[in-house]
Structures are given as structure tokens and as C-alpha cells.
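Visitor: Residue numbers (our numbering), protein chains in the order written: chain A, 1 to 244; chain B, 1 to 244.
Wrong hints could be hidden among the right ones.
No copy is singled out in the list; a pair is fine if it fits within one copy or between any two copies.
What the hints assert, rightly or not - Calculated pairs, DSBU-like style, for lysine-lysine (alpha carbon to alpha carbon, straight line, at most 35 Å):
no.: 1; residue 1: Lys49; residue 2: Lys27
no.: 2; residue 1: Lys167; residue 2: Lys2
no.: 3; residue 1: Lys243; residue 2: Lys27
no.: 4; residue 1: Lys243; residue 2: Lys74
no.: 5; residue 1: Lys147; residue 2: Lys4
no.: 6; residue 1: Lys44; residue 2: Lys147
no.: 7; residue 1: Lys243; residue 2: Lys49
no.: 8; residue 1: Lys74; residue 2: Lys167
no.: 9; residue 1: Lys44; residue 2: Lys74
no.: 10; residue 1: Lys147; residue 2: Lys49
no.: 11; residue 1: Lys44; residue 2: Lys27
no.: 12; residue 1: Lys243; residue 2: Lys44
no.: 13; residue 1: Lys27; residue 2: Lys4
no.: 14; residue 1: Lys99; residue 2: Lys74
no.: 15; residue 1: Lys2; residue 2: Lys243
no.: 16; residue 1: Lys2; residue 2: Lys147
no.: 17; residue 1: Lys147; residue 2: Lys27
no.: 18; residue 1: Lys243; residue 2: Lys167
no.: 19; residue 1: Lys4; residue 2: Lys243
no.: 20; residue 1: Lys243; residue 2: Lys36
no.: 21; residue 1: Lys243; residue 2: Lys99
no.: 22; residue 1: Lys44; residue 2: Lys4
no.: 23; residue 1: Lys74; residue 2: Lys147
no.: 24; residue 1: Lys167; residue 2: Lys4
These are computed hints drawn from the structure, not numbers from a lab. None of these values were measured; they are calculated from a predicted model.
Protein chains: 2
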Amino acid sequence: MKGKIFVVGTGPGFEEYLSLRAIEVLKECDVVVGYKTYIALIEKLIEGKEIVSSGMRREVERCAMVLEIAESGKNVCLISSGDSGVYGMAGVVLEMVDKAQNGIEVEIVPGITSALSSASLAGAPLMNDFAVVSLSDLMTPWEIIEKRTEKAAEGDFVICVYNPKSKERVEQIRIFVDIVLRHRSPQTPVAIVRNAMRDEAAVTHTTLSEMLEHTIDMTTTLIIGNSQTYYSNGKMITPRGYKI
Amino acid sequence: MKGKIFVVGTGPGFEEYLSLRAIEVLKECDVVVGYKTYIALIEKLIEGKEIVSSGMRREVERCAMVLEIAESGKNVCLISSGDSGVYGMAGVVLEMVDKAQNGIEVEIVPGITSALSSASLAGAPLMNDFAVVSLSDLMTPWEIIEKRTEKAAEGDFVICVYNPKSKERVEQIRIFVDIVLRHRSPQTPVAIVRNAMRDEAAVTHTTLSEMLEHTIDMTTTLIIGNSQTYYSNGKMITPRGYKI
């Protein structure tokens, strides 16, 4: 009998923000597969399991391995931080299972993606419509990312930015800020959230015109306020519209 | 000594998708406040607690009560389903605490919002940039919602729609579909997800031109694919761009 594949989002940080369903499938599965940094974050939870950890940028290889493990009759969890359904492994797994026509069952276990964990640390910036944009142009052409940035800015969406910058990608965030500045005040509140819910978690409250003066890296999620967003008492708030 | 306020997102469904942190604060607090439907979903978890449940559309009143309870020295959890930071109570609480200048500490405990839980049931539609739009014009002027719909459609964002329709609001979803159809194929995949992770959970896979023929109500979240989204083996997939 074939095993089942669980694609599990482990949320931000350590075990604390996993769901009970995620914990249940991690405890009941035979094998856990994941990028080594994510495995390390939840190692207490999967003690004694067969663990297959791998380096970054081996996504397709990692998924192929997961399929093989399930084919061999073992139940396997493929983990990633946040929600594996948001820029994550869920899509690749479903595409590969579909292509292989092997009838293997897949359950996507949702998790708390970093837009949500970062927002909760920044205050309440997502009280109104928002857009989530990744600035990584490894797999999405840069023109499309630019266009989406422009449209999100024009629509006055709160904008959550994933993958704003890496060691090799440093220019994209500058272009992003220039585009948003064409439609939004330089004083627009911006939260820079690094390592949400981990030991080194840090929230910087700044503005659209000054945000590039602060550290932004691979562990960072940015939240750009809309035209109504304000700071109050150290918290970033987008009003919902209630009369208070 | 004043109590602390926890604004807790309980995720979709029952206890299964709560985070450990949410469970911890629910167990340790003195009082739980929430809309009665949400209280009922997690009643096992809060057995024996002082519970204050209320009807819908009493948001400001409910928050004022929460502040009073904390003032009296009790730790209090204000709960809502999904993520209380997404169109939820987090903003109102922070605004009221700020206005009252009472120095009460607030922790926003993030949860799995319905865009994520619905996506996990539909397949993997959020593998690329997405926008979250609420069609409720109770507090956001309809022109703004129309404009955001237009911009999200122009930007080829996957669009997650909250509050698509209620007994009184039936026309908004028709206008929404008309706007998106100006920019996207009638065959664009659409997932209609009702009661995600609850007993009556149902996913309907349809298209932009046919979606209005299906039941859409207050328990529904819609996911509109982008130009790349497709159906495969009963799953809705937005490719991330990996070569498989």
C-alpha cells in the first residue's frame, strides 16, 4: 500500500505557532523531509523520526524524494515554514503527483504565513484589503512583479512583501519603493519584520521614504500601509472603519 | 494590577487548526469573549471558563467590554475565527486601548485566515502573488472595493474574496465578476469554498463565467485564479514556475 503525503506549513518560529493538525500529522508520519533550517526549528517535535534534510534551492529534487518515499509505503511530511500553500511546496507536490498519475493522496496542512505573523507583531495593519507580492524574480519575470507592484499601489492595498532582498538581489527593493512612492505618501507607515517569532525577532516601524535605511534581508517581511494606515502607541494600525 | 488582552484568531473549523500559542492563552486566561458561533466552535477547549458571548455586529461594544474586563484585573481573550488580524478585532482593540491611554498590554495571536484554509482545500492556488478583497461595503465605500477589484484583476493577482455575499448584499458579487471578466478569461478557475474545515465543508471547482450559478453565502471564501492557474486531477494549481 502506498503512503500518504502531508505538505505541512509549520508557521513562524518554533513549535508555538503550529496547528494541532500539523503536530498530529508530524507525530504520526514515518518520515519528515525539509530544508535543514526548518527541520531545526521543530526538532523537538520530530525526535526519533526518520528525517531527510536538504539544502536550499533543491525544491524539485526534494519533492521527487517525497514521492518516492510515499511510493514505498511510508507516510511522509514535507515541511516548510509559514504556509506551504503560499509560495511554497504545495504546488510542486500536486503538480508532480498529477504528472506521475500514481494516485498518491496529498493533504495540504495550512499554516500561519509570514504576512499574518508579521502583521500581528507590527500591530493590526491588515484590517482592510491587502496584496501579497514576492520580489524574487528567480521564477517570475521582473516585469510582472513591477506591474503587480504598480497595481497594488494604485489600488491602495496594504502590501505585504515577501523575499524583499537577498545577498544577490539588492536592486529590486529600490525599484519597488520608487513605484509605490508614485502613488503613496513618503510618510506611509512601513513595518520591517525580521525573524518573526524566532529568538532574534525584530520589528522596525519606519516610513516608505526611510525604509531603505534599515536592515532588510532574507528573513524580512515588509508591510507597507495603505493611505489610511497610521502609527499609534508604537503599533501600526489600518482602521477597519468602526466608529470608536 | 491590570489584566492583559489577547486577541486570538482561532483559525477555521474547530480546535484542530488553532496554534499551540492560541491554546495556551485560552487555557491560561480568566475570561473568553466572542461572537457566540465562534465560542461554540471551540467550547471543549474553554470549558469551565467565564465566557461572555455576544451577537453579531456588536464589535465596538464587545471590545469595550474586553477593555473593562482587563481594567478589572482579569486576563481576557477576545476570539474570532480565522486570523483576528485580518478584517478582525485586532485593530479595534488597539485603537480603543490607544484612545483610553490605560497602558493595558495587548497580544495579537495570529491564526490561519480563510484565504489559507480555503486554498489548502482547493489545491495550491496561492503559489504566486495574491490579493485579498472583502466585498462588504458596510464600512468601506463600494467605489474603493470596485477600484481594488479592478487593480487586482489588471495585475493578474490570484484574488481571495471575503464576505462575497450575505442575505442583504447580493449585487456586489455580480459587479465583482463583471469587473474581473474584463481582464481575465471566462474559463479562469474559481474555487468556491464553504465552511472550510467544519462539518459541512464543501469545495466547488468552477470558472469565472459559471461561478454565480453556485451557492455563495456568508460562510464562503472565493479564490479566483490568475492567468496561469489550472485544474489538474481535481486540484486548483497556480504554478510557481519550477521545471518539473
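Visitor: Hints first: check each against the structure and report whether it holds.
Guide: Evaluated hints:
{"no.": "1", "hint": "Lys49 / Lys27", "verdict": "both (8 Å within a copy, 30 Å between copies)"}
{"no.": "2", "hint": "Lys167 / Lys2", "verdict": "neither (41 Å within a copy, 46 Å between copies)"}
{"no.": "3", "hint": "Lys243 / Lys27", "verdict": "between (46 Å within a copy, 32 Å between copies)"}
{"no.": "4", "hint": "Lys243 / Lys74", "verdict": "between (55 Å within a copy, 26 Å between copies)"}
{"no.": "5", "hint": "Lys147 / Lys4", "verdict": "neither (39 Å within a copy, 43 Å between copies)"}
{"no.": "6", "hint": "Lys44 / Lys147", "verdict": "neither (43 Å within a copy, 48 Å between copies)"}
{"no.": "7", "hint": "Lys243 / Lys49", "verdict": "between (53 Å within a copy, 30 Å between copies)"}
{"no.": "8", "hint": "Lys74 / Lys167", "verdict": "neither (38 Å within a copy, 47 Å between copies)"}
{"no.": "9", "hint": "Lys44 / Lys74", "verdict": "both (21 Å within a copy, 33 Å between copies)"}
{"no.": "10", "hint": "Lys147 / Lys49", "verdict": "neither (45 Å within a copy, 51 Å between copies)"}
{"no.": "11", "hint": "Lys44 / Lys27", "verdict": "both (11 Å within a copy, 23 Å between copies)"}
{"no.": "12", "hint": "Lys243 / Lys44", "verdict": "between (46 Å within a copy, 34 Å between copies)"}
{"no.": "13", "hint": "Lys27 / Lys4", "verdict": "both (14 Å within a copy, 33 Å between copies)"}
{"no.": "14", "hint": "Lys99 / Lys74", "verdict": "within (20 Å within a copy, 56 Å between copies)"}
{"no.": "15", "hint": "Lys2 / Lys243", "verdict": "between (56 Å within a copy, 25 Å between copies)"}
{"no.": "16", "hint": "Lys2 / Lys147", "verdict": "neither (44 Å within a copy, 49 Å between copies)"}
{"no.": "17", "hint": "Lys147 / Lys27", "verdict": "neither (43 Å within a copy, 46 Å between copies)"}
{"no.": "18", "hint": "Lys243 / Lys167", "verdict": "between (45 Å within a copy, 24 Å between copies)"}
{"no.": "19", "hint": "Lys4 / Lys243", "verdict": "between (50 Å within a copy, 24 Å between copies)"}
{"no.": "20", "hint": "Lys243 / Lys36", "verdict": "between (48 Å within a copy, 23 Å between copies)"}
{"no.": "21", "hint": "Lys243 / Lys99", "verdict": "between (53 Å within a copy, 12 Å between copies)"}
{"no.": "22", "hint": "Lys44 / Lys4", "verdict": "both (23 Å within a copy, 30 Å between copies)"}
{"no.": "23", "hint": "Lys74 / Lys147", "verdict": "neither (44 Å within a copy, 49 Å between copies)"}
{"no.": "24", "hint": "Lys167 / Lys4", "verdict": "neither (37 Å within a copy, 41 Å between copies)"}
Violation of the numbered hints given earlier is confined to hints 2, 5, 6, 8, 10, 16, 17, 23, 24; the remaining hints are satisfied by the structure.
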